[in-house]
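**Student:** Sequence:
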Amino acid sequence: DVAKALVWGTKAPAPPVDRLEELVREATMLSKAGNSTSEHSAIASELISVWTSIARANLRDGGLGPREKKKLRAICAQEDSCCIPIKVSHSTTGAAAIGPLGIA
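Residues 1 to 104 in my numbering are what the sequence shown lists, from first letter to last.
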């Protein structure tokens with residue numbers, strides 16, 4: 001009975017690939033619109049967190065599923081996709097930026 005009670009809550013959540021897709025879409029739109037770096041910085045921070053979660057999920061039992069892998073390939077293959085946060089040192093703000101990543 002105790003062993004069954006301890007199993008609760010041990011299943012890891014699904015990797016946040018859908019959230020990554022949303023963030024990439026938003027970051028790409030901001031980048032094309034030339035909006036402020038404070039908005040980019042907020043998205044970059046969340047992108048780092050989401051990518052970390054996806055990497056951890058890939059290291060767990062069995063790694064990422066076929067659906068997640070397919071979606072990640074599609075996200076990163078988009079032309080001008082801002083899927084990878086880039087740390088840029090701004091002399092005045094020190095904010096992170098998001099830039100397009102070309103993947104062949």
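Calculated from the structure, these hints are not laboratory results. Here the structure is a predicted model, which means the values were calculated and not measured. Check before you lean on any hint, since a few could be wrong.
[Claimed, not checked] Simulated restraints on C-beta separations: (1) Lys70 - Ser38: 17 to 25 Å; (2) Ala74 - Ala33: 30 to 38 Å; (3) Glu79 - Glu22: 17 to 25 Å; (4) Arg73 - Ala12: 20 to 28 Å; (5) Pro66 - Ala33: 33 to 41 Å; (6) Ala33 - Gly65: 15 to 23 Å; (7) Lys69 - Glu22: 13 to 21 Å.
[Claimed, not checked] Below, in silico cross-link-like pairs of lysine-lysine (DSS-like), each with a Cα-Cα straight-line distance of 25 Å or less: (8) Lys70 - Lys11; (9) Lys69 - Lys11; (10) Lys11 - Lys71.
All residues carry an ideal CB built from backbone N, CA and C; glycine is no exception.
**Student:** A separate judgement is required for each hint: does it hold in the structure or not?
**Tutor:** We went through each hint and held it up to the structure:
1. Lys70 - Ser38: 17 to 25 Å: violated, 33 Å
2. Ala74 - Ala33: 30 to 38 Å: violated, 23 Å
3. Glu79 - Glu22: 17 to 25 Å: Once the Cβ atoms are compared, 19 Å apart, the range 17 to 25 Å for Glu22 and Glu79 holds.
4. Arg73 - Ala12: 20 to 28 Å: holds, 22 Å
5. Pro66 - Ala33: 33 to 41 Å: For Pro66 and Ala33 the Cβ distance comes to about 34 Å; the hint holds.
6. Ala33 - Gly65: 15 to 23 Å: Roughly 34 Å apart at Cβ, these two residues miss the hinted range, so it is violated.
7. Lys69 - Glu22: 13 to 21 Å: holds, 18 Å
8. Lys70 - Lys11: holds, 23 Å
9. Lys69 - Lys11: holds, 20 Å
10. Lys11 - Lys71: holds, 22 Å
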